[in-house]
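Chains as they are written, first to last, in full-length UniProt numbering: chain A, 1 to 334; chain B, 1 to 265.
Hint data in this document are derived by calculation from the structure and do not stem from the laboratory.
Please note: incorrect hints may appear among the correct ones.
Cross-link-like lysine to aspartate or glutamate pairs, in silico, EDC-like; alpha carbons within 16 Å at most [to be verified]:
hint	chain 1	residue 1	chain 2	residue 2
1	B	Lys189	B	Glu143
2	A	Lys298	A	Glu285
3	B	Lys124	B	Asp174
4	A	Lys243	A	Glu285
5	B	Lys158	B	Glu141
6	B	Lys189	B	Glu141
7	B	Lys124	A	Glu26
8	B	Lys124	A	Glu49
9	B	Lys158	A	Glu49
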Amino acid sequence: MRNRPYATVLKPYGQALVDLARERTEIVCLTGDLTRQCEIDLFQDMFPERFIHAGMAEANMVSMAGALARCGHIPFVHSFGVFSTRRPLDQIVNSVAYPNLPVRIVGFMPGVSSPGGPSHQAIEDVAPMRAIPNMTVVDVADAVEIRKALPAIVDHPGPVYLRLKRGEIPVIFDDDHEFSMTRAQIIKEGDEASILANGMMLSAAIAAAEALDAGGVSTRVVNVPVIKPLDSGTVLDVARRSKLVVTAENHTIVGGLGSAVAEVMAEAGIGCPLRRIGLRDTFAEGARTAPPLFKKYKLGTQDIIDAVWSALSRPGAAPAAPVVDAAPGEYAPV
Amino acid sequence: MIPNRDLGRFADRLRLRAVRMVAPHGFGYLGQVLSSAELFAALYARHYRPDTDRIVISPGHYIIAAFAAAAEIGQLDEALLETYGHDGSRLEAIGTEKSPAVDLTGGSLSQGLSGACGFALALKMAGNTDSRVFAFISDGELEEGQLWEAALFAAHNKLDNLTVLLDANDSQVDGPVSSITTLEPIAAKWESFGWAAFDVDGHDADAVDGALGQAVQAGRPAVVIGRTSTVHGLSVLPEGADGHFIKLPEELAEAAVAELEARLA
Chain A
1 MRNRPYATVL KPYGQALVDL ARERTEIVCL TGDLTRQCEI DLFQDMFPER FIHAGMAEAN
61 MVSMAGALAR CGHIPFVHSF GVFSTRRPLD QIVNSVAYPN LPVRIVGFMP GVSSPGGPSH
121 QAIEDVAPMR AIPNMTVVDV ADAVEIRKAL PAIVDHPGPV YLRLKRGEIP VIFDDDHEFS
181 MTRAQIIKEG DEASILANGM MLSAAIAAAE ALDAGGVSTR VVNVPVIKPL DSGTVLDVAR
241 RSKLVVTAEN HTIVGGLGSA VAEVMAEAGI GCPLRRIGLR DTFAEGARTA PPLFKKYKLG
301 TQDIIDAVWS ALSRPGAAPA APVVDAAPGE YAPV
Chain B
1 MIPNRDLGRF ADRLRLRAVR MVAPHGFGYL GQVLSSAELF AALYARHYRP DTDRIVISPG
61 HYIIAAFAAA AEIGQLDEAL LETYGHDGSR LEAIGTEKSP AVDLTGGSLS QGLSGACGFA
121 LALKMAGNTD SRVFAFISDG ELEEGQLWEA ALFAAHNKLD NLTVLLDAND SQVDGPVSSI
181 TTLEPIAAKW ESFGWAAFDV DGHDADAVDG ALGQAVQAGR PAVVIGRTST VHGLSVLPEG
241 ADGHFIKLPE ELAEAAVAEL EARLA
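With the hints as extra help, turn the sequences into a complete structure.
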């Protein structure tokens, strides 16, 4: 693991897709008019014969991707998360998921990482994707994980929904980080509280755990990039070894990681308390930048710390989240 | 292979097969076959090559016609038709992933043309200039936005290997399509989207055959619009029968079989 503030890189996904597509000629790349924003201008330049511009027509794009997959292609379909899941939901179900085709649906700009208001904030995309049979759902945390995840995703059977941060992507993991489609990963041990996080909330979970450790609460952090199928073995293992489980997701608490963990714990009869960090069944709003939204909707490092502190009934004030100044081009969680 | 290629008789044999498939259930998607029989006859007898071309039946409710036509040309074991709509059969009443003899179908309307675009694109990417994609669609589907997304895409991307056969039977669940949404002028809409359009009497099988021949040669995506009726070719049906989902009690089924057998005799 690297230290905050994290260095950032541009277009790690776009580069990883190009690198993969060099060998994997079955890969075709579809765009719904957000080509540069989805980092696939790199693919367009490199493999124009495998680049399909569908225009702003997500329903047609997804159904076409299904047919291309039937012909042996592996289509990667791109837009912002709101448009790649909300608009073509029926097409994802009928043209892709029910026939169990290897279409990879990529949704950029998750949760409140967009200051563009509710129309641009994919706050519930994981919930419907999780509910669709055959669908795999992945929310990666950093540039290293993106690079490791793509070769795993490309050959994964059936459709995959991949959730990706847009813009400057932090580098959190070391280069030898291993990504698994089946295993969640304990990245820091601790024996009182366990924080299960993914995507943009992982760095906040790490920061919170460090502050909690310093404040006397031994805290474990588990990275759960694959929300479905959930690694219930690891979830149950850490829940059994914890006094408290906290989930942290850049998404509504309805239907996402927190719900998935709650279902597994409840069915196993694990009585340990659970707290879910996420949007609390509310739309967010437009803003100048995203960080105030993470603060306002309680998706910050301090919110995770406070949840652990109060759930464990610790006396006195909770530890303060570490303040890290991020220079331009660097990243630190809210 | 095909005992009688006379298209009108081919169409009536589809009607007869469909009556026999629907009769055990007492109701079903018979109107779809009555309206599209000549369209399927022309397509299956004269243009569609099962080993070479791709076939999309966009509205899954029409899969009964595709099954009947596939049996007619020997592409599907005709004994299977008896299982149509029964528990555990691959021949479900609304087309699904299990449906044999077609490359794509489905019950959520208007997705088929997009799939056909995907097939046409894949053929072009593979450098296959021999195979064609035939997509059967219905006029009700023109109410869905996705269909026009696909129409725009096909024209812009010059998918000249794509031919659409459109059953304009003016029928949807709530009544005549024209009473619910004005689709006319249908041909002009497709033409304005960059397609070649051929507007014909859909019960004149030779006219459909001729239009399909021109459509295939159009040099751009092309649509053959067949003007049809969901009660065509079966005079025993009662006045005002609901063409989307025809009731076919036993006596009516027997009369329908008798009428069609007499005409085919």
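Does the alpha-carbon distance linking Lys189/B and Glu141/B stay inside the 16 Å limit? holds, 14 Å
Within a Cα-Cα threshold of 16 Å, do Lys158/B and Glu141/B meet the stated pairing? Roughly 22 Å between the alpha carbons, so the hint for Lys158/B and Glu141/B is violated.
Take the C-alpha atoms of Lys124/B and Glu26/A, compute the straight-line distance between them, and say whether it is at most 16 Å. Given that 16 Å is the threshold and the Cα spacing comes to 14 Å, the pair holds.
Does Lys189/B pair with Glu143/B here, judged by a C-alpha cut-off of 16 Å? Judged against 16 Å, a Cα distance of about 12 Å means the pair holds.
16 Å Cα cutoff - pair Lys158/B, Glu49/A: This hinted pair holds, its Cα atoms lying about 15 Å apart.
Within 16 Å, alpha carbon to alpha carbon, are Lys124/B and Glu49/A? holds, 10 Å
Given the hinted pair Lys124/B and Asp174/B, is their alpha-carbon gap at most 16 Å? violated, 40 Å
Holds or violated: Lys243/A with Glu285/A, Cα cutoff 16 Å? violated, 35 Å
Take a quick look at whether Lys298/A and Glu285/A sit within 16 Å of each other, Cα to Cα. holds, 14 Å
When the structure is compared with the earlier hints, violations turn up for hints 3, 4, 5 and for no others.
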